[in-house]
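There are 4 protein chains.
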Amino acid sequence: MILLFGAQSFQRDEALEEILLQNMAPLTPRLVIPIDVKKQPWEQKVPLHNRWHPDIPPVADVTEGELFRVEMVDWTGGRVRDDNSADDIKFLDLTITHYLSGPLRIVDSEGLPASPGDLLAVEICNLGPLPGDEWGYTAIFERENGGGFLTDHFPSARKAIWYFEGIYAYSPQIPGVRFPGLTHPGIVGTAPSIELLNIWNEREKKLAETSPETLKVCEVLHQRPLANLPTPENCLLGKIQKEMAEWHKMANEAARTIPGRENGGNCDIKNLSRGFKVYLPVFVEGANLSTGDMHFSQGDGEVSFCGAIEMSGFLELKCEIIRGGMKEYLTPVGPTPLHVNPIFEIGPVEPHFSEWLVFEGISVDEYGKQHFLDASVAYKRAVLNAIEYLSKFGYSKEQAYLLLSCCPCEGRISGIVDSPNAVTTLAIPTAIFDQDIKPKRLSGRPLRGPKLRRLPDLLSCSNSEHLPVTQGQSGTREP
Amino acid sequence: MILLFGAQSFQRDEALEEILLQNMAPLTPRLVIPIDVKKQPWEQKVPLHNRWHPDIPPVADVTEGELFRVEMVDWTGGRVRDDNSADDIKFLDLTITHYLSGPLRIVDSEGLPASPGDLLAVEICNLGPLPGDEWGYTAIFERENGGGFLTDHFPSARKAIWYFEGIYAYSPQIPGVRFPGLTHPGIVGTAPSIELLNIWNEREKKLAETSPETLKVCEVLHQRPLANLPTPENCLLGKIQKEMAEWHKMANEAARTIPGRENGGNCDIKNLSRGFKVYLPVFVEGANLSTGDMHFSQGDGEVSFCGAIEMSGFLELKCEIIRGGMKEYLTPVGPTPLHVNPIFEIGPVEPHFSEWLVFEGISVDEYGKQHFLDASVAYKRAVLNAIEYLSKFGYSKEQAYLLLSCCPCEGRISGIVDSPNAVTTLAIPTAIFDQDIKPKRLSGRPLRGPKLRRLPDLLSCSNSEHLPVTQGQSGTREP
Amino acid sequence: MILLFGAQSFQRDEALEEILLQNMAPLTPRLVIPIDVKKQPWEQKVPLHNRWHPDIPPVADVTEGELFRVEMVDWTGGRVRDDNSADDIKFLDLTITHYLSGPLRIVDSEGLPASPGDLLAVEICNLGPLPGDEWGYTAIFERENGGGFLTDHFPSARKAIWYFEGIYAYSPQIPGVRFPGLTHPGIVGTAPSIELLNIWNEREKKLAETSPETLKVCEVLHQRPLANLPTPENCLLGKIQKEMAEWHKMANEAARTIPGRENGGNCDIKNLSRGFKVYLPVFVEGANLSTGDMHFSQGDGEVSFCGAIEMSGFLELKCEIIRGGMKEYLTPVGPTPLHVNPIFEIGPVEPHFSEWLVFEGISVDEYGKQHFLDASVAYKRAVLNAIEYLSKFGYSKEQAYLLLSCCPCEGRISGIVDSPNAVTTLAIPTAIFDQDIKPKRLSGRPLRGPKLRRLPDLLSCSNSEHLPVTQGQSGTREP
Amino acid sequence: MILLFGAQSFQRDEALEEILLQNMAPLTPRLVIPIDVKKQPWEQKVPLHNRWHPDIPPVADVTEGELFRVEMVDWTGGRVRDDNSADDIKFLDLTITHYLSGPLRIVDSEGLPASPGDLLAVEICNLGPLPGDEWGYTAIFERENGGGFLTDHFPSARKAIWYFEGIYAYSPQIPGVRFPGLTHPGIVGTAPSIELLNIWNEREKKLAETSPETLKVCEVLHQRPLANLPTPENCLLGKIQKEMAEWHKMANEAARTIPGRENGGNCDIKNLSRGFKVYLPVFVEGANLSTGDMHFSQGDGEVSFCGAIEMSGFLELKCEIIRGGMKEYLTPVGPTPLHVNPIFEIGPVEPHFSEWLVFEGISVDEYGKQHFLDASVAYKRAVLNAIEYLSKFGYSKEQAYLLLSCCPCEGRISGIVDSPNAVTTLAIPTAIFDQDIKPKRLSGRPLRGPKLRRLPDLLSCSNSEHLPVTQGQSGTREP
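Protein sequence lines, in the order shown, are assigned to chains X, B, D and V.
Position 99, counted from 1, in the first sequence is what the UniProt record's numbering calls 99; the numbers after and before it change by one each time, with no gaps.
Position 418, counted from 1, in the second sequence is what the UniProt record's numbering calls 418; the numbers after and before it change by one each time, with no gaps.
Position 138, counted from 1, in the third sequence is what the UniProt record's numbering calls 138; the numbers after and before it change by one each time, with no gaps.
Position 15, counted from 1, in the fourth sequence is what the UniProt record's numbering calls 15; the numbers after and before it change by one each time, with no gaps.
With the rest of the complex left out, here is chain X (with noise of 0.2 Å):
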């Protein structure tokens, strides 16, 4: 019998098949971790965390070839709801995220568990949203409130609520749009060992001291802070309860859970979907595995920062246990054995797409200056000059940036080394549209679309004030 293979591998071990050949019965996904959202998060049954922390205890055993399931909170844990303002996207507190479901203690067949130095295969058998909480939502976040890509253009709250049709989802405040999701974690991660969450707080420490005056690319990028730093305010240890002896210090020295690391986190990569399976190293007895910040449908650079279709659901996961594969596979690039990053394969069924309308960028900024080869910049452009294309079809553009941010589009590093541009692309779907978005010939004909404005359009805050763009923008952008 064959029970542990990849997406389209397949590895036989004769033990583990031998023990598994006794339970024949109907493989139902055991739940590990059950989620009520009509509880807090810091409510639920098994309790969540929202740090990285090589002491946060597992909440359960896994044993590799088992089908389990894992239910999660969305990313801020109930506080964004299906109303008509986005208030609470304005004032949301960024300390909060993400909570996130685990850590779980992987062990083999015969009880021993995933040590540092293995690698940790976890495949996506299945996912959803959460059976009666099928909705999500995307946002602009305030430019004083964690901001996002274009911050510097779109400096206020936004809030677009999507409603799903099983694989379909629609938003009534960007209409004429519906495609399928590409549902994805935006969060798989192992814990890091004492070592590596040492590495990434004075790295990221020494990156928050730094002026961004002195970053060329702060000109460009006005998302701020640069770093998020530990802290203990609303910090969630999962059983560490805050009036445990051992909360506040690692309350005070737990990572934040925003960036992607070494340890895969919050890598936010749209393909990591049904059928999909990571490999991920190993830093701590257990693997301790932690999941979380579903997202029903992103695009690539999930530009608009709270920019997937944010939803709770559930992860239906089977883990393997690779014996010295971190070392066997994974070469360090950096100082120590533990500057490594995971690799995965993509699984079988995303939706395919045949025609695509692809937008250049080049790393030249929105004042005309030139930068070397940077990646960013060009994206940047890109992305600028999508939504621009977009708001000739109707749609605002608050509307186009959140769409970008959501639906499946891709962005690739097309060229990185003709001096000084790097050429970055971004290709939309245009089956997503109710309407023809291609260039066409304007022989006196009226275009379709373009003029008539989309409405209704993206939820402002009760009491907006217009915060101004950023100062010295260039003539080319709305007043």
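None of these hints come from the bench; they were simulated from the model.
It is possible that some hints are incorrect.
Since the list gives no way to pick one copy over another, a pair counts as held whenever it fits inside one copy or between any two copies.
[Stated by the list, open to error] Listed below are the simulated DSSO-like cross-link pairs for lysine-lysine, each with C-alpha atoms no more than 27 Å apart in a straight line:
(1) Lys205 x Lys242
(2) Lys327 x Lys440
(3) Lys327 x Lys438
(4) Lys216 x Lys440
(5) Lys249 x Lys205
(6) Lys239 x Lys440
(7) Lys438 x Lys397
Since the structure of chain X is provided, determine the placement of chains B, D and V on it from the hints.
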């Protein structure tokens, strides 16, 4: 009769159709620019050019709707040979590049040329290598002669030769690999206006004069120079011969062809292949379309600089003028109306792969230093991760570096908002290898492949001193 | 707000949108037909039916645009068990099949029901196995109990059990194979009018009364009976209970559900999966939509008869009434306006495979006899060729036969005009196997796989006499 | 060095590699059979043949691993012209077809020829129309001159001319349609042995002598004759000239090329395109490979008989001999070891479409008569349904019939076990049309397209009497 339509889209122009209806003969494409690969670039029947300048005169007129054929030398005009040494790469004078075919003046069915403000739709109906010259090369450039994305890791010149078998390519220097080409021109562009040319020269001069030490990214990206400014050395201006009065002035201000810019140019986008359609802004009367730098195949990023499978080749093209389309569809993002970028539609016959192995990279460099949302740094790490991984399957790191430059791998910007880490991914189609390169459970069985060196290796120079890798490189690099 | 659109197409209905705008709550699908798999088909809360008849009363109303959920028992209503014997298959009484959920009366936003002459667009937004019942089975039916496409070659009952891991299925009885399901309902149909029902009964009765010996194809296709006529035995008519006056008459004329017909019905089209949209003709007021026969996966042809991975399951559906659409879009091909067939659009998330091994078949039968452009004969030969081939890779022929019934293989009519041979092809995705099944050069090296028997084999009957294969079979068959 | 591998698979042969390593020159394919389209088929430099016979002598040797080029006339050898009449179709003498290039004798690297019992792997590395002859045609054959799948509905000769624009084709006679070609040879085959030839002749003669009235399917399929038997008329046997002694005997027994058979031959499988690899059984020493009948594009079934876009063209091929492979991989299904069929792997660059409109057909004929599991009848109905549907979008039924013959549509056997109905489907990629052909809600708005006739129509004959459609046709057909 329908003649003028895009990849999968259609527009009708009754007047034009009427005219074309009268010519019902088999539409063998008209050869407007022939190439004799046995001759030097400056000896070709139709003169070539290797700079961008508005005053390079068109070499031919092309009517919209007409199917025509353009032949091109490879980007070096034959300087790189199918031999056993990388000397030609080591000493290649980059001031000669890229040799372009054109410019072509595009007129409508009434003979009126494309005008500034129009959009020029160019459809690639077919393309390929030149018959009798079915081979290509990929190279690592010497650090002191241009370098590449990883020049600090791979400072010495190397070369691989590729032979074609129809849609497939293989190289004696990278055994065990064969793949279908996503063949495309690296360069498709229109001529800049004098105003745009001035913008280019000013912004690039400003960058070139910057001290690299002041650019944070230069700690990581060691490719130099920062920009390639105009130079009369080896300058070729088509019909404007060196002895003509205007040559000297033009040669001193004509833009180099290295980077992609507002006019398209050297964008090196691997998806500009059969059936694809690009919408180029028109800056000068007639559009003055030029093409060159044919690639049999390229990976996203073209990381080793001369990283595509470079070849001579032909294009079969069809143009359409969208009057006023530049203003209608392209909103400038920058200080002038000229700050635009082309857009394009992808063709229907790209090679399709269903299994991909994907590597992640975050914006932490090889020294362990944290960078701020820098996609270039993150992509460098993803490429390094992939090279290290492939080197476990019998390849030298140079082989892996070259392979990732030219095989149909995809480089994506996955997350660009989770401070401080940009997350990029590099996806490799596993079917191009003659071995299974996916990670496997290691229960006592030997890996197929790893340890077993794939020979021969890349071609090196006759007199190759070993260049030291960049000072201070991490302990994980080879000594 | 856009609510009613197809897989990738969009239509707007202002009135309907207005109404729907007022209900902005999360759209968890309304459960209109619940199933309890622990109960018998006739004990379900909402009564099921297993015949087609215009007078079976609707069990619920559904409004167009509404997202609703229908649950279904497997086609046998639980008669086949997850045990170690094929006895349940051998003795299954086919008069019980298929148990359907419905009929549903479809009304528009004003409460007006769909009318004869309309087209009912049904979109499958989501589907899957019932939670807690995640398993399925595939079977060869006994020759004397229905048989299958190759019943002359495989006359004895056999069974395989499949377990699901999210999108993947594997069977202990067919080792070395795992694949993502292209899950779909075998049956989606509207109720026939009494006129259409009469047409069915007449034409099928006529065929059933034919002596098989007079049908040339019956020398090759040994499945019997020729047609399944109405019978009151085991007849279930929903709300019309056996003790009611009309039951007897209805039971004697209600059509069996075995074949697909003008109303859709048991078409067993594997591509009717997530995101798919079918356009069904409406023959009675309300349309009376019924669904059933859920398949986790099926190959084209479903050759072993009970050849899909049969399971219980759920559908999440959305309907749209296209008024007058049957007349507008479906031209009858036959003697009455009722002789039409449904049309459909394929969804965007089918599993995609890039490598296929393809077998040809021509219309020459196993005895070497030439048939005239007979695609059924040609397909039989293609399937036989594939079975023989797979049997070289360790599989028994029964295993191969079952696998080709249920894996996502494609059966195509390649040539149908080159007298006397129809040419069909059967394409198998190679990625579903844990070994490379492509032909290889045999220079002394042993084949991986062949000769090595894959065990265990299919489940057989407790008391299995060996049925003789059809008399006169060719010498190439096993004794 | 790796030279001999399949589409995506790889095998190594050290000896062969050594030999090939010594020839590192650019591998322009060797032209082994040149064609001059201005000459008649019997005037070509290398003599052609239009029959299958073991004694037709090879015209050239080809070594395995070698890349070589074969050119071919179109199937009629230039009898059909790019003019304004279908007269050439009406009076075309089918005894001339198909003109094949070959046979080629395949030898291994030591000069030993392929032997009976081997498998010949043929990879199509590239293919296309002949330069300067870039056009094709599609035709409906007259009922009295061969007819086609729907000859009872469309009895009169019709023709459409197609012009190519690189990968795309369009026809002045079928406006509003353009699509990328899935270009392929209709015929790839090895020579039969004399034993196999005898088997063919016997079984086809037996069928030809059958009275059509005794075949049930002949009530539905009106194409005649039942089989095309050997005839010396217009027989061309390559190097065996008419005046040679053996010609007469050979001409009287050489098999016609119309049907596909055990040797491959006229299988008309549209997926045999670029990058594809077929495994052909070898029946005679040297294999004697022949190719012909180039198609720019074809739909599954090639329903109008001359239904592909027929053209002259070239193939670039590579062969590999799998010694003993026929016995190892191909199990005969029939009375002798010769009753086998080729298998193949699909190439990686087929055009990909994401949206399909699909038509169903069941085995009930146009008279309403029920047939037993007859996939041919069911496919006929699916094609009729599609024709009727397309005729609502401005096309004449003849235009639709031809279009479905040549566009990349897919014909599938969906269900073949649900007595009495076989269910087939015909899937049309919607992107080939310049209008949206999906069904739409009809709320008062006019349909785009329908009613509006697409002109001009197909080419007809100069002196066209209207042939009556088959007697007894249903009332739904045109008068």
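Q. So which of the earlier hints does this model not fit?
A. 4 and 6
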